[in-house]
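Protein chains in written order, with the working numbering: chain C, 5 to 117; chain X, 8 to 117.
Honestly, the hints are just simulated from the structure, not real lab data. Note that beta-carbon positions come from the ideal geometry of N, C-alpha and C, so glycine has one too. Hints should not be assumed to be uniformly reliable.
[To be verified] Covered stretches of chain X, going by a simulated chain C footprint (3 or more residues, C-beta under 8 Å): (1) 21–29; (2) 77–84.
[Said to hold, decoys possible] Just a few of them, taken from the derived set where beta-carbon distance is under 10 Å, the chain X residues facing chain C: (3) A17; (4) L18; (5) L68; (6) R87; (7) A88; (8) A92; (9) F95; (10) A97; (11) T109; (12) F116; (13) P117.
[Claimed, not checked] No farther apart than 30 Å at their CA atoms in a straight line, the calculated lysine-lysine pairs in the DSBU-like style are these: (14) K33(X) <-> K77(X); (15) K76(X) <-> K33(X); (16) K82(C) <-> K76(X); (17) K28(C) <-> K33(X); (18) K72(C) <-> K104(X); (19) K72(C) <-> K28(C); (20) K77(X) <-> K104(X); (21) K72(C) <-> K82(C); (22) K63(X) <-> K33(X).
The chain contents come next:
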Amino acid sequence: DAGVIQSPRHEVTEMGQEVTLRCKPISGHDYLFWYRQTMMRGLELLIYFNNNVPIDDSGMPEDRFSAKMPNASFSTLKIQPSEPRDSAVYFCATARRSWETQYFGPGTRLLVL
Amino acid sequence: SQQGEEDPQALSIQEGENATMNCSYKTSINNLQWYRQNSGRGLVHLILIRSNEREKHSGRLRVTLDTSKKSSSLLITASRAADTASYFCATDPHTDKLIFGTGTRLQVFP
């Protein structure tokens with residue numbers, strides 16, 4: 005298995021632009037998590053899905069953030085409009101069961117200028 | 008607030024020495040997990056210990072769990088330069104979510 009795949013690996017954009025991050029989960033994993041990691045705030049859970057359904061989005065910082073999972077093979081995290089404070093590494097992680105091992109993707113390093 | 012907090016925040020040792028990291032948490036849990044993150048990479052699962060277990064081993068890793076004190080420790084024996092990374096504990100406080108701690112940065116000098 006290729007593991008969790010994220011794209012792009014790096015993104016540099018200007019304030020106000022739309023940013024779309026993508027994640028392909030491991031086949032057979034029912035849970036998908038989006039995290040954000042910064043030096044100041046550490047690793048924060050933004051939102052997670054179970055069987056493609058958003059379960060808890062309480063970590064999504066603002067309405068500028070949205071996430072979708074149209075099918076079991078694909079999820080997106082969108083920021084519109086982006087701001088410099090959104091600069092962070094965004095991770096996607098998946099798991100068979102919510103309480104079991106989570107498998108992390110390599111992350112997308114986002115820089116908003 | 009953070010469910011798990013690691014101690015120390017940073018640790019520097021020589022190759023061959025043992026490294027011990029501690030994690031404290033606040034609420035009752037189903038299990039506790041330890042993850043490693045190399046610089047610029049995603050987190051990698053190391054070991055899971057269930058709430059009814061007290062100790063678990065995996066290679067050079069030894070994890071203990073004391074639910075009465077709400078704490079866990081990760082011991083890496085005979086450390087190597089390749090063990091240099093950040094280490095996170097994550098707890099499952101009877102929810103669908105894992106709550107990650109703040110991490111310990113381990114530096115192992117050759």
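We went through each hint and held it up to the structure:
Requiring three or more residues with a Cβ within less than 8 Å of a Cβ of chain C, the coverage given for the segment 21–29 of chain X is violated, as only 0 such residues are present. Under a criterion of three residues with beta carbons nearer than 8 Å to beta carbons of chain C, the stated coverage of the segment 77–84 of chain X fails, only 0 such residues being counted. Hint status for A17(X) relative to chain C: violated, with the closest Cβ pair at about 13 Å, above 10 Å. For the restraint placing L18(X) at the interface with chain C, the shortest Cβ-Cβ distance is roughly 17 Å, beyond the 10 Å limit, so the hint is violated.
Interface hint status for L68(X): violated, as the beta-carbon distance to the closest one in chain C is roughly 15 Å, over 10 Å. Given hint, R87(X) at the interface with chain C, is violated; its Cβ is 22 Å from that chain's nearest Cβ, farther than 10 Å. Hint status for A88(X) relative to chain C: violated, with the closest Cβ pair at about 22 Å, above 10 Å. Restraint check, A92(X) versus chain C: the minimum CB separation of about 13 Å is more than 10 Å; hint violated.
A distance limit of 10 Å between C-beta atoms decides the matter here; for F95(X) the minimum to chain C is near 7 Å, and the interface restraint holds. Of the supplied interface hints, the one on A97(X) holds, with its beta-carbon coming within about 8 Å of a beta-carbon of chain C, less than 10 Å. Restraint check, T109(X) versus chain C: the minimum CB separation of about 5 Å is within 10 Å; hint holds. Violation of the interface hint for F116(X) is found here, the shortest Cβ-Cβ separation to chain C being roughly 23 Å, above the 10 Å cut-off.
Interface restraint check for P117(X): the shortest CB-CB distance to chain C comes to about 26 Å, outside 10 Å, so the restraint is violated. A threshold of 30 Å between alpha carbons decides the hint, and for K33(X) with K77(X) the separation of about 7 Å falls inside it, so the pair holds. With a C-alpha separation of about 9 Å, the suggested pair K76(X) and K33(X) falls inside the 30 Å cut-off, and the hint holds. For a cut-off of 30 Å, the pair hint linking K82(C) to K76(X) is broken: about 41 Å separates their Cα positions.
With a C-alpha separation of about 33 Å, the suggested pair K28(C) and K33(X) falls outside the 30 Å cut-off, and the hint is violated. Simply put, K72(C) and K104(X) have alpha-carbon atoms about 18 Å apart, close enough for the 30 Å limit, and the pair holds. Pair hint K72(C) plus K28(C) holds up; C-alpha atoms about 12 Å apart against a cutoff of 30 Å. At roughly 18 Å between alpha-carbon atoms, K77(X) and K104(X) fall within 30 Å of each other, so this suggested pair holds.
A threshold of 30 Å between alpha carbons decides the hint, and for K72(C) with K82(C) the separation of about 9 Å falls inside it, so the pair holds. Taken as a hint, the K63(X) and K33(X) pair is honoured in the structure, with Cα atoms around 21 Å apart against an allowance of 30 Å.
Going down the numbered hints, you'll see the structure goes against 1, 2, 3, 4, 5, 6, 7, 8, 12, 13, 16 and 17, while the others check out.
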